[in-house]
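Peer 1: Chains as they are written, first to last, in the numbering used here: chain A, 1 to 115; chain B, 1 to 114.
To be clear, the hints were calculated from the coordinates, so they are not data collected in a lab.
Beta carbons: idealized from backbone N, C-alpha and C, even for Gly.
Please note that a few of the clues may not be correct.
Below 30 Å or equal to it, Euclidean Cα-Cα: the simulated BS3-like pairs (lysine-lysine) are [claimed, not checked]: (1) A:K40 - A:K19; (2) B:K42 - A:K19; (3) B:K101 - A:K36; (4) B:K113 - A:K41; (5) B:K42 - A:K36; (6) A:K40 - B:K42; (7) A:K36 - B:K68; (8) B:K42 - A:K22; (9) A:K38 - B:K42; (10) A:K40 - A:K18.
In silico negatives: residues of chain B with every beta carbon more than 12 Å from chain A [as the list claims (entries may be wrong)]: (11) G16; (12) V20; (13) T26; (14) K113.
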Amino acid sequence: DTEVTQTPKHLVMGMTNKKSLKCEQHMGHRAMYWYKQKAKKPPELMFVYSYEKLSINESVPSRFSPECPNSSLLNLHLHALQPEDSALYLCASSFGTGSGTGELFFGEGSRLTVL
Amino acid sequence: KQEVTQIPAALSVPEGENLVLNCSFTDSAIYNLQWFRQDPGKGLTSLLLIQSSQREQTSGRLNASLDKSSGRSTLYIAASQPGDSATYLCAVRGRDNQGGKLIFGQGTELSVKP
Numbered sequence: 001d002t003e004v005t006q007t008p009k010h011l012v013m014g015m016t017n018k019k020s021l022k023c024e025q026h027m028g029h030r031a032m033y034w035y036k037q038k039a040k041k042p043p044e045l046m047f048v049y050s051y052e053k054l055s056i057n058e059s060v061p062s063r064f065s066p067e068c069p070n071s072s073l074l075n076l077h078l079h080a081l082q083p084e085d086s087a088l089y090l091c092a093s094s095f096g097t098g099s100g101t102g103e104l105f106f107g108e109g110s111r112l113t114v115l
Numbered sequence: 001k002q003e004v005t006q007i008p009a010a011l012s013v014p015e016g017e018n019l020v021l022n023c024s025f026t027d028s029a030i031y032n033l034q035w036f037r038q039d040p041g042k043g044l045t046s047l048l049l050i051q052s053s054q055r056e057q058t059s060g061r062l063n064a065s066l067d068k069s070s071g072r073s074t075l076y077i078a079a080s081q082p083g084d085s086a087t088y089l090c091a092v093r094g095r096d097n098q099g100g101k102l103i104f105g106q107g108t109e110l111s112v113k114p
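Next comes chain B alone, as it looks inside the complex (with noise of 0.2 Å):
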């Protein structure tokens, strides 16, 4: 069964700095993976889609790494700002499912301090 870990849960930083967000995955047989953020009540926002078959995709000052042989993926976001406080979510969607399935992992809230 897919399990998928995002570490650390929460994470403070000043502004400007260069930050790593963490994601693991148990199966190796996944179909993509993907990266998200949601504000405070709101819906999830689409940051990057990683394919099986790619390393990496990069949006901005964001760059996002699969390696799947080791069930791991980062997101690197460059010269942090305050406007990226939010929950960031990672989730792959797995060659074992039926209709597509995501697994997401639990998060991990960033706060950026002016």
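Okay, chain A solo, but in the shape it has when bound (with noise of 0.2 Å):
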């Protein structure tokens, strides 16, 4: 199973809303990111966990903030987002970081719509 599973698939939000997105795998894999893609860009990253810990924020909003509740589970919590926020989120998993990273998996996105 090579599968990393996001929810919601689409998600408009308005200004004051507080929303969550949600991923999960259950590759046994120990790192787990977010990334933003905007239209014909490649993918952003947001933040990295590694061992349910955060190891890289790439300066992100602090309207976005990343929890890692286990190792097979990654949540984005978004509030007060901005109209530019809109964007395809993404999640991604590797069996570590650096050296014993191996392949990055993907999943499917969150298409997120802030009005």
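Hints given; two lone chains; assemble the complex.
Peer 2: Structure representation (structure tokens):
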């Protein structure tokens, strides 16, 4: 099973709403990632969790709040977003980071629209 | 700072043609290089992973090569089919990164015409 599952597939929210994106993998991977992708652009890294600890935060605004409850789950909590935050949010996982990384597997993404 | 470039940005070929997509990177100190395909509005599908100690990897009609010293990788697609139409992205994981950051190229948008 090389699957990363993301929910919801689509999300529309107002600027005052609070919502969450969820990601799950059962490959035994210990590194999980959040990426943001705008149309016609490559994915941009937001956060990396390694062994359930936040290891990289790419200077993401605090209105995005990641959470890794356990090694299989990754959440992204959204609050007070702006219309420019509308994008495809991708979750990914890998065996590890650095020399032991192996392949990176992506989910299908959550399409977020902020009104 | 690692930079990844993909040429061409877009490519249109007739069905059945063999084709090569190019990826270059500026810093040869990498752990690995990975090729992905992305269909419109979808996530990224991993095609091939090449470790820094490897020269090439093959999967079906796909063959990826890696020349670390020159900072280049190619993705060869044999006997292209309309179903191969997608954006192809290469990404490198550098040894100077903390926590395994992947650096992506801008992608090559491939269209295979029936």
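Peer 1: With reference to the structure, classify each hint as holding or not holding.
Peer 2: Evaluation of the provided hints:
1. A:K40 - A:K19: 26 Å, holds
2. B:K42 - A:K19: 21 Å, holds
3. B:K101 - A:K36: 14 Å, holds
4. B:K113 - A:K41: Given pair K113 (chain B), K41 (chain A) holds - Cα atoms ~24 Å apart, limit 30 Å.
5. B:K42 - A:K36: Holds. K42 (chain B) to K36 (chain A) sits at ~13 Å (cutoff 30 Å).
6. A:K40 - B:K42: 12 Å, holds
7. A:K36 - B:K68: Holds: K36 (chain A) and K68 (chain B) sit about 28 Å apart, inside 30 Å.
8. B:K42 - A:K22: This hinted pair holds, its Cα atoms lying about 16 Å apart.
9. A:K38 - B:K42: Holds, because 12 Å separates the two Cα atoms, which is no more than 30 Å.
10. A:K40 - A:K18: Distance of about 28 Å is within 30 Å: holds.
11. G16: 28 Å, holds
12. V20: 20 Å, holds
13. T26: 16 Å, holds
14. K113: Holds, since 21 Å exceeds 12 Å.
In this structure, every one of the numbered hints holds.
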